[in-house]
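Trainee: Sequence:
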Amino acid sequence: MAKLAINGGDKLRKEKFPPYLPIGKEELENVKTVFESSLFSRFLGSWHDDFYGGPHVQALEREWAKFFGVKHAIAVNSASSALMCAVGAIDIEPFDEIIVSPYTMCISATVPLAYNAIPVFADVEMEHLCLDPKSIEERITDRTKAIIVVDLFGEIYDHEAINAIAKKHNLKVIEDCSQSPYATSNGKFGGTFGDVGIFSLNYHKHIHAGEGGILVTNDDKIANKLRLIRNHAEQVIEAKSMYPEKANPYPGATFTDIPQGLETQDLVNMMGYNFRMTEIEAAISEIQLQKLPSLIEERRKNIAYLEEGLKDIPCLHLLQPRKGTNHVYYFQSFLFDEKVAGIHRDRFADALRAELTPLTLRETEGIKVVCGYLRPLYLLPLFQKKIAYGSKGFPWSASGREYDYSKGLCPVAEDLHYNKLLTHEYHRPGMTKKDLDDVIAVFHKVWENIDELK
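Quick note on numbering: the sequence shown equals residues 3 to 456 in my numbering.
Careful: at least some of the hints might be erroneous.
To be verified - Across the chosen pairs, the derived CB separations fall in these ranges:
(1) E65 - K456: 36 to 42 Å
(2) E28 - T143: 48 to 54 Å
(3) N220 - Y420: 36 to 42 Å
(4) S40 - L382: 41 to 47 Å
(5) D348 - R403: 34 to 40 Å
(6) Y391 - S40: 37 to 43 Å
(7) E450 - K190: 41 to 47 Å
(8) K325 - K18: 34 to 40 Å
(9) T186 - T143: 31 to 37 Å
(10) S40 - Y405: 47 to 53 Å
These aren't lab readings, by the way, just hints derived from the structure by calculation.
Heads up, the beta-carbon is just placed ideally off N, CA and C, and yes, glycines get one too.
Given these sequences and hints, build the entire structure.
Mentor: Now the structure itself:
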């Protein structure tokens, strides 16, 4: 048997893994049209035709809405900005409670604070990693107004159970689908099950434009508020009030009633921002959207190959898609069985990392084998100290209630993070059969020599 690299043996994989580069000549050609037009952005933060942005932004929104079968798609500069827009658009009030996941990117849980609302953490499912409906039900109070669900690692949340809970308690659902574009449940796309859905175009997502985000909704009122928050809402509403007869404040420009059906008296959360997408990002994203089905198909083929090669390692339980869903595999995920292995997951992962190499263009991130995901978010200093706005503990200190974010709040999330969950990213499009074989060989080498680690 070969000696493990962690103990001084030869590393099994010598060369770096290929980069994830879904952007190519098609995107370049579309970006050229932006350069040739000299129109890099066309947003105007006032009551005007250009309130909606430039031609590529508007084309992307139409194409995205058609692709996902929704009434409205709104482009923004990031999925984080999209979450800001979404929480504002559902009329959240200060000290309202929003149920969030502890096991996700931080903005999905911290965004309620932007509107002086209170994040309340529910636990996640061991097998699917999304919010657990039973835990949600336990966290609901008379102040609960919404749930932010996260479609984690390519899986879709339990929309039937959670949407039923939301309907029962008159709650809004925001679906963060940043890691699960093109995932489906019973034939319907993830991101379209909530009142608002959110997609990410960040550089390490399934499709990307470097940065960017898309919101989707079938609610006309919510869509209008999303567009307003994206683009200086207070100025747009003020401008419409100033020019009620459609007098054009910009001589020489064409003019329409922007946005359609806007109720100028509805000022709830109408402090707007500059969350606007550029024409270059939109031009790249138009082509990326066309590539999405083929990129997902390659991920699924790579996962199927890896699953077949790794199925006989007894300490690894391959997480399986929820019944009726088609997974899109942001990561490949396992539950690690410490009793079978005879060692802790972290020790096993260290041995894997010692045998592997980084992804090209992401060398600074190290070896892409990860224990857990992000530490349960309520353990961040922000929540442990309850310090957000100023030094006096606002909004918690003014809420009239006590909120406990102690360790042990979400035991499944904590067990996943500290003991069980193991993920890697060596399955992305661009990997060759040899690359995948090397990944499989590394896992087997560590398992076959596991006694060296005890």
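Trainee: Falls inside 48 to 54 Å, the C-beta gap from E28 to T143?
Mentor: holds, 50 Å
Trainee: Is the hinted range of 36 to 42 Å satisfied by the C-beta distance from E65 to K456?
Mentor: violated, 55 Å
Trainee: Assuming the hint says 34 to 40 Å, is it satisfied by the Cβ distance from D348 to R403 or not?
Mentor: holds, 37 Å
Trainee: Hint says 37 to 43 Å; check whether the CB-CB distance for Y391 and S40 agrees.
Mentor: Check passed, 42 Å falls within 37 to 43 Å.
Trainee: So does K325 sit 34 to 40 Å from K18, Cβ to Cβ?
Mentor: holds, 38 Å
Trainee: Starting from the hint 31 to 37 Å, judge whether the C-beta atoms of T186 and T143 obey it.
Mentor: Roughly 33 Å apart at Cβ, these two residues keep to the hinted range, so it holds.
Trainee: So does N220 sit 36 to 42 Å from Y420, Cβ to Cβ?
Mentor: holds, 40 Å
Trainee: Quick check: does the Cβ-Cβ distance between S40 and Y405 fall within 47 to 53 Å?
Mentor: holds, 52 Å
Trainee: Given the hint of 41 to 47 Å, is the C-beta distance from S40 to L382 inside that range or not?
Mentor: At 44 Å between Cβs, range holds.
Trainee: Taking 41 to 47 Å as the stated bounds, is the beta-carbon spacing between E450 and K190 within them?
Mentor: For E450 and K190 the Cβ distance comes to about 43 Å; the hint holds.
Hint compliance for this structure: hint 1 alone is broken.
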